[in-house]
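There are 2 protein chains.
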Amino acid sequence: MKVYSLKKVQERELVPGGKVKFVHSDAMTLAFWTFKAGSPLPEHAHPHEQILTVMEGSVEFTIDGETESIEAPASIIIPPNAVHSGTCRTDCLLIDAFNPRREDFAALDA
Amino acid sequence: MKVYSLKKVQERELVPGGKVKFVHSDAMTLAFWTFKAGSPLPEHAHPHEQILTVMEGSVEFTIDGETESIEAPASIIIPPNAVHSGTCRTDCLLIDAFNPRREDFAALDA
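If you read the protein sequences in the order shown, they are chains Y and X.
For the first sequence, my numbering assigns the number 110 to the last residue and increments by one with no breaks.
For the second sequence, my numbering assigns the number 110 to the last residue and increments by one with no breaks.
There may be inaccurate statements among the hints.
Any copy will do: because identical chains look the same in the list, a pair fits if it lies in one copy or spans two.
Claimed, not checked - Once the Cα atoms are required to be at most 27 Å apart in a straight line, the calculated DSS-like pairs of lysine-lysine come out as:
1. LYS7 to LYS36
2. LYS2 to LYS36
3. LYS2 to LYS21
4. LYS36 to LYS19
5. LYS8 to LYS19
6. LYS2 to LYS19
Note that these hints are calculated values from the structure, not bench results.
This structure is a prediction, so every number in the text was calculated from the model and none was measured.
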């Protein structure tokens, strides 16, 4: 049985103020993020479909030029190749789900 | 922007002691579960790959005849068509991620 004990998974500060732990299956990646208030989620895009769930906190989020204020608990659907960015208005706990899996992030753990 | 405010998503008691809210993208389904201590996760299988994350609580979980005790926070990889079941030893908060999306669950919300 493949189990990721999240206390033992390596945490990385991949963006300033944002620390993440990854879980990978064959088809998906989950990313468990903690962000400090004021941390930016830099603008980017990727071919993976993404569901971003705000478990705790408040995020101002932009997809393809449309901006909304999102309060936990909420999930945001990010289509493939959509340009997205944001700012954490408070300390935040976020969980991303990606399909297909993020080979770029999996390579960090290899 | 497609946002699911989870306080507004319909909650369903799909198994005794287990209540769930669903979020669907084109390729994935997320299921946000609360279970009461002692609730069974009945044995079943499906062609979807699944990552089950135990956010809070303790679960005894079986995949294809192999049983482990899982303490939060932890993620369990469930391969397509694997037979899986479990029991919540405490009150639990679980999040499932599925690929492809669960059309059977999406039909409940249609």
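Practice task
Could you tell me which of the numbered hints above are not met by this structure, giving the numbers in increasing order?
Solution key: none
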